[in-house]
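These protein sequence lines are chains Y and E, in that order. Every letter in the first sequence is one number past the one before it in the numbering used here, and letter 81, counting from 1, is 1364. Every letter in the second sequence is one number past the one before it in the numbering used here, and letter 265, counting from 1, is 1548.
It is possible that some hints are incorrect.
Where chains are identical, the list cannot tell them apart; a pair therefore holds if satisfied intra-copy or between any two copies.
Cross-link-like lysine-lysine pairs, in silico, PhoX-like; alpha carbons within 25 Å at most [as the list claims (entries may be wrong)]:
1. K1384 / K1467
2. K1530 / K1459
3. K1552 / K1459
4. K1303 / K1574
If you are wondering where the hints come from, they were derived from the structure by calculation, not from laboratory data.
Here is how the chains run, residue by residue.
Number of protein chains: 2
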Amino acid sequence: MPSNSDNKTFFLGIDGGGSKCKAIIVDENNTILGTGISGPANPLHGFEQAINSITESAELALKDAGLTSTQLQDITAGVGLAGVNLPILFEQMSNWQHPFKQMFLATDLLIACLGAHNGEDGAVMITGTGSCGFSYVDGHPYTLGGHGFPHGDKGSGAWFGFQAANYALMSLDGLKAPSRINEKLLALLDVNDGLSMVETIAGKPAAFYAKMANLVFDTAEEGDQVAKAIVEEGAGYISGVARQLEKQQPPRISLIGGLTPRIKPWLDKDIQEKLQEPLCPPEMGAVIFAKQQLALQ
Amino acid sequence: MPSNSDNKTFFLGIDGGGSKCKAIIVDENNTILGTGISGPANPLHGFEQAINSITESAELALKDAGLTSTQLQDITAGVGLAGVNLPILFEQMSNWQHPFKQMFLATDLLIACLGAHNGEDGAVMITGTGSCGFSYVDGHPYTLGGHGFPHGDKGSGAWFGFQAANYALMSLDGLKAPSRINEKLLALLDVNDGLSMVETIAGKPAAFYAKMANLVFDTAEEGDQVAKAIVEEGAGYISGVARQLEKQQPPRISLIGGLTPRIKPWLDKDIQEKLQEPLCPPEMGAVIFAKQQLALQ
């Protein structure tokens, strides 16, 4: 085993998603010494790209920490990745000749949940570009939704944007009542009519639609009935996810993801009251996961 | 100009869509002498493929008619194509060094409408894989919907299938009430659970979802409340399209496309009563268009 002249034990935590990969390096007390960020790391969209992003973010974190005499091969890594819920990708990533001392692989959902509850049992609802529910209680992982865009992921940023575009196109045809969504969406997309809107949105991925989500919440908060109905339907789904997760009896439940501040006020009041702030980010959840797995060895 | 030893004037009518291209050859009285069918002819999905399909279907129709001494260059063609509502594709197709004596190019919507009303003014609602409304009154074409999948085309086969898959995934998660749609969809897709369903449907095009549409109507007709709600929403949209088209005061209105027999009984009663049988198929509409354009020369 190579010497570690920094003379301490460090851990890497990796949170790899579809658009970026975050890394942290921590000491034995989980004090963050450095961070790194790189590109997409979902192996579903390319194995080579994923492993390159993971390695790059880890190297950047190491450099940021100023640990000049420490190498990746000296460090145990917890790696949480989108996509590895699919068994074939989990196996492929597990077989990677990784540069770390040891690698513990988990889904992005598990590390998010472990992070939010600092390694204890709990549940999370994630609403960002996509949406998903997940609980981890007594070693039992349970996933709800997260089926992807456009056929699933209700209550996600992409879903809100999609509903808005869908409505606006019918409304501009005179087939639905006017909504302030229409003018705002035309302005955001920099187009003049429905036909140009179609040319702009056709075939676009979830991330494109997710950029329209704030507009829907803004319009709902101004009192527009159409926007309110869309927001209430999406938030109602997330409240439903929370209720379903509660059946697993998680000690804590948190809402995380980029849409959190927008959607939280629209959830059912009793759900809002039960929500607890996430304690740590997913990349720290990855560190916690690695330490838990080490303790089991 | 080459001689035409069959000593008669013939016309070709072409209806080119995203999955197939139909051709008919007719005499001066629009008596059908032969038919041909070939592959996809929407230039949006490939110019070369489109022109090859058009030529192939025309050659097949000529052969079917037994007109051995007549060539494509002896015949005037009316060509109605999906995709040429986009100006750039209309121009590209217009510049095609086509094999016909003369070619008159129109959208698939216009030839469908001209066919349905035998060249007279009127309106059509089309519900097949996609959905669209179109009227042609006093030389004025008017299009409603037809925005494409998945962001538009409500009330189309693809839309019904998409709604069913969407519902089933949430219902199998326990987030919506059970529906007979669930079991039927799992059986149709030959999968056992929601996760396998997602793997099967993710990224699929409109034509894939359209194959699930009959299942939704079957289930609605058995009295399933969820399926009924989906069918009523989709049919309600098509009724709305009809009402909007009526503002153009078309003398006749018809419902055409593969979903016609399923959706017609679910339209608003007053709309059902106003529907008139289409008089001719779209490929005959293409012939009528060519003859109308010739008369204007």
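Structure-based check of all given hints:
1. K1384 / K1467: So K1384 and K1467 fail the 25 Å test inside a copy (52 Å) and across (50 Å) alike.
2. K1530 / K1459: Cα proximity of K1530 and K1459: across copies only (15 Å, versus 39 Å in one copy).
3. K1552 / K1459: between (31 Å within a copy, 20 Å between copies)
4. K1303 / K1574: Within. Shortest intra-copy distance 24 Å satisfies the 25 Å Cα cut-off; inter-copy 59 Å does not.
Taken one by one, the earlier hints fail for this structure only at number 1.
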